[in-house]
Amino acid sequence: MSDVTTASQHSDSAEGIPAFGASSGCPDGCPEYGGISRRGVLRGMVAAGAVTTMFGRTFTQTSFAATRPSAHTLVVLSLRGAADGLSLVVPHGDPAYYQARPRIAVPSAALLAKDGFFGLHPALAPLLPLWKAGKMAAVHATGLPVPNRSHFAAMEAVEDADPGSSARVGWINRVIGADSYTNPLQAIGMGMSSPITALYGPQRTVTTSGIDAMVINGSDDAGRTRSLNTLWSGATGILGKGGRAALTAVRDFRPVHSVRETPANGAVYPDSHLGQALAHSARTIRADIGADVIAVDHDGDWDMHQGVGTLDSGKMRLSAKDLAEALTAFFVDLGTLGDKVTVVTLSEFGRRVRENANQGLDHGHGNVMFVLGGGVKGGYRGRWPGLGTGADDDLAVTTDYRSVLAEVVTRRLGVSAATAFPRFAPQAVGVML
Amino acid sequence: MVTATTIVPIASVLDARSLLVINRFTGGWTPALGAEVKRAGGIDRWFARQLTPSLISDTFYNGSAGWWRSNTATPAELRSRAERGIEPLWVAVANYERWSLVRRMHSARQVQETMAAFWEHHFHVPGGADAVGSFRPSYGRTIRRLALGRFDTLLQAVTTHPAMGIHLSNAVSTKKSPNENLGRELLELHTVGRASGYTEDDVKSSARILTGYRVDLWNTWKVWYDTDAHWTGPVQVLGFKHANTSPDGRAVVAAYLKYLAHHPATARRIARKLAVHFVSDHPSNALVEHLARVYLANGTAIAPVLKALVASSEFRGSGGRKVRTPEEDLIATYRALGARVLAPRSDGSAANAVLWQCDQLGGRPFAWPRPDGRPDTAEAWSSVSRMLNSFNVHRTLAAGWYPGKDVRYRTPASWLPGRSVRFDRLVNHLSRKILGRPSTALLLQAARQATGCRDGTIITASHPLVQWQMHKLLTVFLDSPTHFRR
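Chains A and B, in that order, are what the protein sequence lines are.
Heads up, the final residue of the first sequence is numbered 433 in this note's numbering, and it's a clean run with no missing numbers.
Heads up, the final residue of the second sequence is numbered 1486 in this note's numbering, and it's a clean run with no missing numbers.
Just so you know, not all the hints are guaranteed correct.
A short list of chain B residues far from chain A (calculated; beta carbon distances all over 10 Å) [what the hints assert, rightly or not]: (1) R1084; (2) G1149; (3) S1169; (4) T1245; (5) A1297; (6) V1323; (7) T1457.
Pairs of lysine-lysine residues, derived as DSBU-like cross-links and limited to a Cα-Cα distance of at most 35 Å, are as follows [said to hold, decoys possible]: (8) K1175(B) <-> K315(A); (9) K1222(B) <-> K315(A); (10) K1038(B) <-> K1273(B); (11) K1204(B) <-> K315(A); (12) K321(A) <-> K1204(B); (13) K1175(B) <-> K321(A); (14) K1273(B) <-> K241(A); (15) K1307(B) <-> K315(A).
If you are wondering where the hints come from, they were derived from the structure by calculation, not from laboratory data.
Each residue gets a CB set at the ideal place from its N, CA and C atoms; glycine is no exception.
Please build the complete structure, drawing on both the sequences and the hints.
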């Protein structure tokens, strides 16, 4: 067992305590954390006490600070595979869109929530109540400042979001590192087996395939817990940290298991991976275990090199429908709790303006980002660059995706843009109230 | 009371380097494998033999192929079975994944199976997509057959295989509008990588070269080379140039793929990927350069690269540096427990259930949703749910609770080295059996905590530990950081 590891864990738990105070890391008074109730602080202390009893001597070796409530939760939803933003939020007022897509363009007459220029894909219909309530925004022509047509390099760049640094630290990790709270449940990758790049970094985080996975079978036998603590308390490297984070997280995650599985308010999630991930996210938020950021992936068949299709066939209507139904169920399920929650969607890049021979779309550049829920100023946002119809024409990026994220994390999590996105000067997008 | 009769001989182990080669290049240590290495005359001779799979019996592969009809059927037969309602394609694909797992558990050709899995992840084609389904088992068999041959041969076979063509849209690409999907990933993922500096024009040329390999999707499913679909005219990708005047572009494709396979950037990329899988998450540039030179000097032959890797001092010093992926953990756990998967007779049979276990643990073998293949680093596989899922599966298997059908577990008493043994000596014996190395003070402490036994407790077949709680003790070794690494 390494003394060094043990010592640093002591400091983990010691540093955790000031996070309960209103003044930590927020000179401007940071309303999110200032509002934490005394009950929350007490609850955290009771939990810590229970842990001391349960884990005995190993408490100081393996524990983090107990959880505290979150004032706001940011849900980062990644549409993997590069979704076609021009199909999701259609620029019907740009004639080039229809010229470039003779077979797969969404007819103007079919669009929803139309204004003079944009309209939503009909498969997004379930989201209309949120849209009409002014709780959903679409920011068009967003993305990386320079085109990157590799899925993997683009995801890496989007999620690292710090081109000036070679350190592999994701932007979500920087966001949760802004305060002195160190519980790994502060950021959760939900519905995934391995962490996404945005979560990577020095702050410990939790990635889980779902709520059901957050248990240790047989831990009613105290010997099992004790022996696991012995095995992992001094384990080295990333694996050792993972083992200790697991033993801590499973303890602090317990309130989530008590939240009933049936969604509230009659919400019905689609029977899809995304539906499940968001249902589990809602339960987690309801349990109030201090998850400031939840990351969810939508591996929704978005890489549509072929078969984007029409309103009656093909892939786009199905992927868009799954996305809309899952997000709608999520906010219905959350009810008034939804005011605490803001969802932002990202995709690594957008797709070419012109359709290819297979009713598909090859890799492009600009895309749309959706922002939904608490604190959002609804409607269409962004500056339209105009489309071309050449084989290689992209939707140009007029809004760096970090400007959108910066606005959300600043307003909702009280984390400065400089912390989340170093060396980047965000533009005002106007997507948050 | 400790008496002389409790001093029973305990299991033997190999030296550290031999154990390292075994843990990196097989499904995991077993005492039987240790004996096999000794019989072969040492680890280097054993490894050289494994690199020539024709010397080794393929009984398990051939026998287990018949466990599922779909693993020996042609693509046309698979589609016909699906159409007649006998077996949906997704089940055929699931059966292929099951087969890939049990092969890695029990095949005598352990290194070939390890490399087959390595290349199946490198040339990743998820089986889930309907259109790929009927071609996926054939794709996997092709890769396994070529897994220890030459990379240029392998590249040719996978790039022109209908499963790859369908997955990355080349099967529907035309000269009028070449689809860029495969042309790009061939460069970025399969060969030279982005560091080679190819441009978007290179991607376009790459896509044009590949046009012509068609599949008549959702219709006749004919697989053919379509001279009407091949883009003609001069092409250039990096240093490769061709006039490409013939409507039959297959010779151009062969020349292009050979160029890519022998490109120094491909050599470095493959060398690095092998080093990341078999040495450490962050191999030195010196090792990568060395392996790349061996790769090129041997005409892209794979076995010499693996020999050079194993001979390197960096490999020798890399013990404990690799974290097992969930599927590697599952395979190693079956092996460590001496659990034998038998021919399946029902859905609940171990050979079928193992796929759901793998899914629960972190994902089915070839279900990674993106073309880059599943990650292979400690950062990716030390997540909270991975750790918890592993703890849970270890315990379930150690107790023999699930799966319960058509699998042979060891009896608790069979783990005892003799009629009666001190607890601390039993722990040492089990550590050698399960982990291939002597016990440590930490393991012994964890074992005491898990079981309530003391070092001097005398364990016999009638002791409550053996009667009721052996799984608690076995789980300690499986849950230890050592078993999470390879």
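Which of the listed hints are not met by the structure?
3, 6 and 15
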